[in-house]
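Chains as they are written, first to last, in our numbering: chain A, 1 to 299; chain B, 300 to 812.
Watch out, some of these pointers could steer you wrong.
As the list claims (entries may be wrong) - PhoX-like cross-link-like pairs, simulated, lysine-lysine; straight-line CA separation at most 20 Å:
1) Lys748/B with Lys436/B
2) Lys516/B with Lys537/B
3) Lys550/B with Lys251/A
4) Lys694/B with Lys681/B
5) Lys329/B with Lys516/B
6) Lys251/A with Lys695/B
7) Lys741/B with Lys451/B
8) Lys379/B with Lys402/B
9) Lys65/A with Lys550/B
Quick caveat, the hints were computed from the structure, so don't treat them as lab data.
Predicted, not measured: the structure shown is a model, and the values here were computed from it.
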Amino acid sequence: MINKEILKPKKKKKGMGKVIFRFLKQNPLALFGAVVILISILASLLVPILPFQDPLHQNLPNRLKPPSAEHLFGTDNYGRDVLSRVIWGGRISLLVGIFSVAIGSLIGVTMGVISGYFGRVVDTVIMRFTDILLSFPALLLAMAICAAMGSSLWNVIIAISIVTVPRFSRLVRGSTLSVKEADFVEAARALGQNKAKIIFFHILPNVFSPILVLATLWIPAAIITEASLSFLGLGIMPPTPTWGNIINEGKSYLQNAPWISIFSGTIIVLVVMGFNFVGDAVRDAFDPRLKGEREVGRG
Amino acid sequence: MNRRILGIGGTIIFLAALMMASADGNAKEKVFVIGDASPVTTLDPAASLISQNIMFARNLFQGLLRYKFNSIELEGDLAKSWRVSPDGLVYTFQLRDNVHFHKGFGKVTAEDVKFSFDRVMDPETRSPMRSELASVKEVKRIDELTVEISLKERDAVFLQKCIRPRPLAVVSRKGVEKNGKEFARNPIGSGPFVFQSMSREQIVLAANPEYWEGPPKIDKVIYKTIPDTDTLIMVMEKGDIHTTQILPREKVILDRLRAAGCDIKPLDRGAWHHLKLNPDFKPFADIRVRRAIAHGIDRDEIIQHVLSGTGQKLNSLVPKGFFGHTEEGLRRYEYDPKKAKELLAEAGYPNGFEVTFDTHSSASYLPVATAIQGQLEKIGIKVKLAVMDQPTWMKKITSATTQMSIYLPVRVPDADIPLMNFFHTAGFPPGANVMRYNKLDKEIDAARKELDPAKRKQMYHVIQKRLMEDLPAIPLFMMQYPTPYRPDVIAGFPDKDPIWGFDFYPIRLLEKK
Numbered sequence: 001m002i003n004k005e006i007l008k009p010k011k012k013k014k015g016m017g018k019v020i021f022r023f024l025k026q027n028p029l030a031l032f033g034a035v036v037i038l039i040s041i042l043a044s045l046l047v048p049i050l051p052f053q054d055p056l057h058q059n060l061p062n063r064l065k066p067p068s069a070e071h072l073f074g075t076d077n078y079g080r081d082v083l084s085r086v087i088w089g090g091r092i093s094l095l096v097g098i099f100s101v102a103i104g105s106l107i108g109v110t111m112g113v114i115s116g117y118f119g120r121v122v123d124t125v126i127m128r129f130t131d132i133l134l135s136f137p138a139l140l141l142a143m144a145i146c147a148a149m150g151s152s153l154w155n156v157i158i159a160i161s162i163v164t165v166p167r168f169s170r171l172v173r174g175s176t177l178s179v180k181e182a183d184f185v186e187a188a189r190a191l192g193q194n195k196a197k198i199i200f201f202h203i204l205p206n207v208f209s210p211i212l213v214l215a216t217l218w219i220p221a222a223i224i225t226e227a228s229l230s231f232l233g234l235g236i237m238p239p240t241p242t243w244g245n246i247i248n249e250g251k252s253y254l255q256n257a258p259w260i261s262i263f264s265g266t267i268i269v270l271v272v273m274g275f276n277f278v279g280d281a282v283r284d285a286f287d288p289r290l291k292g293e294r295e296v297g298r299g
Numbered sequence: 300m301n302r303r304i305l306g307i308g309g310t311i312i313f314l315a316a317l318m319m320a321s322a323d324g325n326a327k328e329k330v331f332v333i334g335d336a337s338p339v340t341t342l343d344p345a346a347s348l349i350s351q352n353i354m355f356a357r358n359l360f361q362g363l364l365r366y367k368f369n370s371i372e373l374e375g376d377l378a379k380s381w382r383v384s385p386d387g388l389v390y391t392f393q394l395r396d397n398v399h400f401h402k403g404f405g406k407v408t409a410e411d412v413k414f415s416f417d418r419v420m421d422p423e424t425r426s427p428m429r430s431e432l433a434s435v436k437e438v439k440r441i442d443e444l445t446v447e448i449s450l451k452e453r454d455a456v457f458l459q460k461c462i463r464p465r466p467l468a469v470v471s472r473k474g475v476e477k478n479g480k481e482f483a484r485n486p487i488g489s490g491p492f493v494f495q496s497m498s499r500e501q502i503v504l505a506a507n508p509e510y511w512e513g514p515p516k517i518d519k520v521i522y523k524t525i526p527d528t529d530t531l532i533m534v535m536e537k538g539d540i541h542t543t544q545i546l547p548r549e550k551v552i553l554d555r556l557r558a559a560g561c562d563i564k565p566l567d568r569g570a571w572h573h574l575k576l577n578p579d580f581k582p583f584a585d586i587r588v589r590r591a592i593a594h595g596i597d598r599d600e601i602i603q604h605v606l607s608g609t610g611q612k613l614n615s616l617v618p619k620g621f622f623g624h625t626e627e628g629l630r631r632y633e634y635d636p637k638k639a640k641e642l643l644a645e646a647g648y649p650n651g652f653e654v655t656f657d658t659h660s661s662a663s664y665l666p667v668a669t670a671i672q673g674q675l676e677k678i679g680i681k682v683k684l685a686v687m688d689q690p691t692w693m694k695k696i697t698s699a700t701t702q703m704s705i706y707l708p709v710r711v712p713d714a715d716i717p718l719m720n721f722f723h724t725a726g727f728p729p730g731a732n733v734m735r736y737n738k739l740d741k742e743i744d745a746a747r748k749e750l751d752p753a754k755r756k757q758m759y760h761v762i763q764k765r766l767m768e769d770l771p772a773i774p775l776f777m778m779q780y781p782t783p784y785r786p787d788v789i790a791g792f793p794d795k796d797p798i799w800g801f802d803f804y805p806i807r808l809l810e811k812k
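Construct the complete structure from the given sequences, taking the supplied hints into account.
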């Protein structure tokens, strides 16, 4: 799964892949971020076959034990292995982060392109809707949606997607507006290509790079939002581990068993930082003003 | 001109008020502060079913009878004396002459008592306590201070049904008629405390200077709603609140509170945890599955590790300490995961099944539910916890839309009350008889009509035996409530209390040295 995802853009756009690789080498922070992301994704994909304990397996006599050789991250208040919970929790947290941004960007990009390309009434309607969504703080909006729909994995994903939609539609609309006026679009139109073709083959590829940058920056935000929702008890229900749930359950024991919250908190910080470093690097790589890489500028 | 005069007048009044307020502050008001995780939803005693509501009802209102302080013996509350006819069908209560309702609503009379009974019994009121007064035929006013209650049939626990506040607290007839629906937010009773104000965050009660036993020793009671248990514990440690009712039974947390200077009273409230199973969910209609679950729960482990020893195993569906309770000769369900798995396989679920387990987020529920989830997982039952707020959870119970839930009731300590509530046709709908168990209706009714205690006990023994065979619910354990309070600040805290909450009347605030 993961290899394909990495390979795909490489195959299609060899130039970009190469540049990113070169960039990673020059930029140790981005390299660090990429490694953290890779490890966390691999761990959460492979955790069912790795020899970790069942994250739901309770062992009451063995509760609130500090980290040891047997339980590297200690045990929680039901004697469950915190390490295994953190990794299984990462599976859910990453799933929510990546999926909600994928869904949100899909809808947001569609809305943005339509809005930017067609303009007039369509533009006004879509953008005012976007404004409405943007006028709420992200977490508050997600909380409201979750509270209204009830909490389950998919509802959390939907809630966070809705939060991300307006960020994408607004960005893509702007890019579309500028690309729309470019000569090659004019040419395509003159050649009599239909609108769908123009949008798919001429406009979308040229607004792709800002989308990618925004996505890498919104995945960590989505992870944090999910953790916040779960922490507040509006996200995914216990005993299913997610990073937010683990911290929430651990907070009652901060004075006596700090390892529960501290380890999961540290992992969130690491992964979110990883995504942000990579996001920054990607943005820099795409920014012609920063690097003067002409082939990148064209995407 | 007029406006100016108004303005000046207003300012003067404002300043005067300010001065009075500060004068008040100088006299040092004695304020008793309680913190709790759950909000109070209504102050109408006919509608109170949730524990924290009951705590208010018992301090704002009076009943005909009440429990003596620190005991389960009955004594007169509004009633000065009472008489029971030889056939056990007519109860006559003589009311005290010197009791008045709050806020000038007049003397407490036989008329108000009759009105209060009728109000709970009227189906229109939709009182959850109605079924508890099912045996009442008629309440008659004999004269201003005499009430006669006649029963349809003998009821051995009738006197227990006259205690405050559940099922019956005496409300002011005029108050109810005047306040109408607002009565739940502006109650008029005759108890030692008078309602002052209510918001989402706090409820304020003031001392009733006209209380018949003399004014309380504290001036004000403030009940603060602090929804997060961890915050609640920190506030208790800091000393911002004087007591709280529900805490995790977690040794580390109790130790923290002790270290902060709190004394912790293990209040026995006759509260018992049991597991409700809904036969609409197919596996639970099978007795073998219910037994498998009973064998699959390791109660000793939960009591020791989750409750820090503050629980006591219960092997009957009539709780310990209740009249009629016995565990002798009853079928026992000890922890035996092997047997549990065998029973599941026999019932056709060798690989278990998936079930949604409802609980609310209170510290008395969630840790127990999570531990049970972990244990059932080990016998192959996949349990999905659904954690909700208390009102939603309550609604799922009373409408029997839950698949499985734990329940921790506090009831008057007589076998009849829990049996009627949970294992009798009268308990549904609406009610908490989730199993809709009806096989022992006749026996339960007969036991209530028996006035000879020894014979009644015998009858309850038979009922409990049958219940443990049929297992319409799974008894878990008696729960204690470790209740922290600050001994350097308050005195008069009870050691024992069979109903929810406690009386604020005996509470005294100590002068800080």
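Violations among the numbered hints
Violated hints (numbers, rising): 2, 4, 6, 8; every other hint is consistent with the structure.
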